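Colleague: Sequence lines, in order, name chains A and B.
The first sequence: position 26 = 26 (this note's numbering), numbered continuously.
The second sequence: position 78 = 78 (this note's numbering), numbered continuously.
It is possible that part of the hints are untrue.
To be verified - Label pairs and their calculated CB-CB ranges:
hint, chain 1, residue 1, chain 2, residue 2, range
1, A, Trp43, B, Val64, 28 to 34 Å
2, B, Ala36, A, Asn42, 31 to 37 Å
3, A, Leu6, B, Val3, 16 to 22 Å
4, A, Arg63, B, Ala48, 27 to 33 Å
5, A, Gly66, B, Ala124, 27 to 33 Å
6, A, Gly41, B, Val82, 20 to 26 Å
7, B, Thr72, A, Ile39, 15 to 21 Å
The hints are simulated quantities; they were obtained by calculation from the structure and are not laboratory data.
Just so it is clear, the structure is predicted and the values come from calculations on it, not from any experiment.
Ideal Cβ positions, reconstructed from N, Cα and C, are used throughout, including at glycine.
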Amino acid sequence: MNTQLLRVLVSLTSGAVFGFGLSLSGMLNPVRVRGFLDITGNWDPSLAFVLGGAVGVTAMAWRLAGRFIGQHSILASTCRKTDQSTVV
Amino acid sequence: MSVYWSALVGGMLIGVSASMLLLMNGRIAGISGILARLVQGAEISTNAAFVVGLLSGPLLFLLVFGQWPSITIISSLPVIAVGGFLVGFGTRMGSGCTSGHGVFGLARLSQRSIVAVATFVSCAIIAVFLMRTFRS
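If we strip away everything but chain A, and leave its shape as in the complex, we get (with noise of 0.2 Å):
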């Protein structure tokens, strides 16, 4: 399989596992959503756990991706870790 092909299945299939853990953490539900923000109100704490976990998993990725790969990713020869400038 050529590597533009590996690239579509790989974006292809992080979309799907994005969109999956949206819908199993709850937040694809503006009630949820609103619930954390309404912190005078009846909150609902949900959402912290939702971008503890995130975040939790991103940064251990994060600093594999420093000590391992370095300025490349597996399947493209430029990394948006190293470009600063970038607009996320």
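Guided by the hints, dock chain B onto chain A, whose structure is given.
Modeller: Same frame as chain A, but now just chain B:
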């Protein structure tokens, strides 16, 4: 599964998704950025694949759990339209949204992202408070 466990596991899956994209493709899983680049016609195949995957997420949830993820809409359509426009405008102006700044930026301890997250969370808290005060 309690709501906090599903929130934590769901969040970790979002982290796995972002990690895959970084380690394999060298890209940042910022939804607003990916969508904007797609609309601008940049890296169409990978960006479109991500969006298709993202939209299939609720369908996968249905296949696994036998029900759609619950969504409760309490706002009127005009309010949602104005809100959507402001979110779109603001995320472009602020160079990122909840995924780019919130997940990725915080994970790499980016000062710009920490400021962005602190700003949009505190403004959203104030907005919710004002909406609650003036509606009731």
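Colleague: Now, for every hint given, state plainly whether the structure supports it.
Modeller: Hint check:
1. A:Trp43 / B:Val64: 28 to 34 Å: For Trp43 of chain A and Val64 of chain B the Cβ distance comes to about 29 Å; the hint holds.
2. B:Ala36 / A:Asn42: 31 to 37 Å: Given a distance of about 35 Å, which is inside 31 to 37 Å, the answer is holds.
3. A:Leu6 / B:Val3: 16 to 22 Å: 36 Å, violated
4. A:Arg63 / B:Ala48: 27 to 33 Å: For Ala48 of chain B against Arg63 of chain A, whose Cβ atoms are near 30 Å apart, the range 27 to 33 Å holds.
5. A:Gly66 / B:Ala124: 27 to 33 Å: 32 Å, holds
6. A:Gly41 / B:Val82: 20 to 26 Å: At roughly 22 Å between Cβ atoms, Val82 of chain B and Gly41 of chain A fall inside 20 to 26 Å, so the hint holds.
7. B:Thr72 / A:Ile39: 15 to 21 Å: 20 Å, holds
The structure does not agree with numbered hint 3 stated previously, though it agrees with all others.
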